[in-house]
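> Work out the full structure: start from the sequences and follow the hints.
278 is the number that our numbering gives to position 278 of the sequence shown; each next residue is one higher, with no gaps.
Among the clues, some could well be false.
Claimed, not checked - No farther apart than 25 Å at their CA atoms in a straight line, the calculated lysine to aspartate or glutamate pairs in the DMTMM-like style are these:
hint, residue 1, residue 2
1, K393, D128
2, K393, E160
3, K327, D365
4, K393, D163
5, K393, D98
6, K393, D96
7, K327, D343
8, K207, D158
9, K207, D96
10, K327, D163
11, K207, E293
12, K327, D96
13, K393, D158
14, K327, D233
15, K207, D286
16, K327, E293
If you're looking for bench data, these hints aren't it; they were derived computationally from the structure.
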Amino acid sequence: MTRIAIFSVKYSPNLGDGLLSECLEHELQRHVPGLALTSLDLAGRAAYGRSLPNRKLALRALGLMPKPLRRFATRTALERLARRRLHPAWRAALADCDAAIIGGGNLFADADLNFPIKINVALQELRDRGIPVAVYGVGVTRNWSPAGHRLFSQGLADAEVVDVTVRDTRSQVIWNDLLATSGAPSAGLSHDPGLLTARYFPAATEKSDRIGFCITDPVALRYHAAAGAVRGDLRTWYDEAIAALAANGRSVILFTNGSPEDEAFLALHANRWASIAGVSVAPSFDRPAQLAECISRCAMVIAHRMHACIAAHSYGIPAIGLAWDVKLNSFFDLVGRSAWVIDPAAVPPSDIPALAQRATSQGIDAPSLRMLIEACSNDVRRLADTLLAAAGKR
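Dropping the structure here:
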């Protein structure tokens, strides 16, 4: 029996990461019945529902530190994690694996060396065991420090990398500029596995005309976004946009993707928002299936979080993306909906009801969606074939 290890952030409290990871796993096993999979979370997590206590406070504190001090503090903590937990755990887990995947998600990014260190550790362990690896469906950003670039480049140069695909043309250009010139394979394109959400998480049988409004903590957005990308008073914008939708007769359900900082921000304001007629708050989710089920009941979705928008699109539900990171724009470009990414700092809340009505009326083109999902499935089939061939040569 062939066994493939998948390095990802499957058990991230942001359940969008779990959603795409589960879709990838299901689709691999659909194409290769009997395939054994080992899921290895890049943060060392082993289950859903476990996250760093006081994560929001940690993000706020890191955001206030001078960059050199912040990088020193995080690098020290990450290197300790790698030495004490990741190296020994992954070494043991890879003992019976024949091939590996790194992906998907926005993994080739450098937020204080987080992914550069973890991915370098994974590639070291794969190299030491002679296990071939494919990088699949990842997002790539240009925000790398020199140390981050070095960690990514060295890890890829030392490992047996048999294939690389990224999830959008922007990521492809960045990969080829920063890594293909350093000896890594050039990147092809593959679709985000989250597009298979509707295949593996059937839509709720009871639909509604409600709008799903995904709430994201402004502190988290500003920590992860490029400088200046998140502008204005987002909390006030939320207040006024939610009230405007309700005043126009729309039913609104507020939810998050599960990140603790988003949950805390929603909880802080939930009573005020839920006091508006027609507005309700979803219970907290701790599994990707719960997030998918909530989204599937909606007539449309408004969100910063990319995988809330991807899941909605998979169900044929139109989404309005709230701009904060170019990865969101890249997804909307891919599916031909670039006009539906708006900047809350530039679009007044009073415009949201009309935009929501127009998006709902326009809908999603069903034949195009079927072709997109089939293309995503074919990407995973190609990945499976590539890894089985590489494993057979060991």
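> Now tell me, hint by hint, if it's right for this structure.
Structure-based check of all given hints:
{"no.": "1", "hint": "K393 <-> D128", "verdict": "17 Å, holds"}
{"no.": "2", "hint": "K393 <-> E160", "verdict": "12 Å, holds"}
{"no.": "3", "hint": "K327 <-> D365", "verdict": "22 Å, holds"}
{"no.": "4", "hint": "K393 <-> D163", "verdict": "15 Å, holds"}
{"no.": "5", "hint": "K393 <-> D98", "verdict": "10 Å, holds"}
{"no.": "6", "hint": "K393 <-> D96", "verdict": "16 Å, holds"}
{"no.": "7", "hint": "K327 <-> D343", "verdict": "14 Å, holds"}
{"no.": "8", "hint": "K207 <-> D158", "verdict": "51 Å, violated"}
{"no.": "9", "hint": "K207 <-> D96", "verdict": "45 Å, violated"}
{"no.": "10", "hint": "K327 <-> D163", "verdict": "22 Å, holds"}
{"no.": "11", "hint": "K207 <-> E293", "verdict": "10 Å, holds"}
{"no.": "12", "hint": "K327 <-> D96", "verdict": "35 Å, violated"}
{"no.": "13", "hint": "K393 <-> D158", "verdict": "18 Å, holds"}
{"no.": "14", "hint": "K327 <-> D233", "verdict": "22 Å, holds"}
{"no.": "15", "hint": "K207 <-> D286", "verdict": "22 Å, holds"}
{"no.": "16", "hint": "K327 <-> E293", "verdict": "24 Å, holds"}
This entry does not satisfy hints 8, 9 and 12, going by the numbered hints stated previously.
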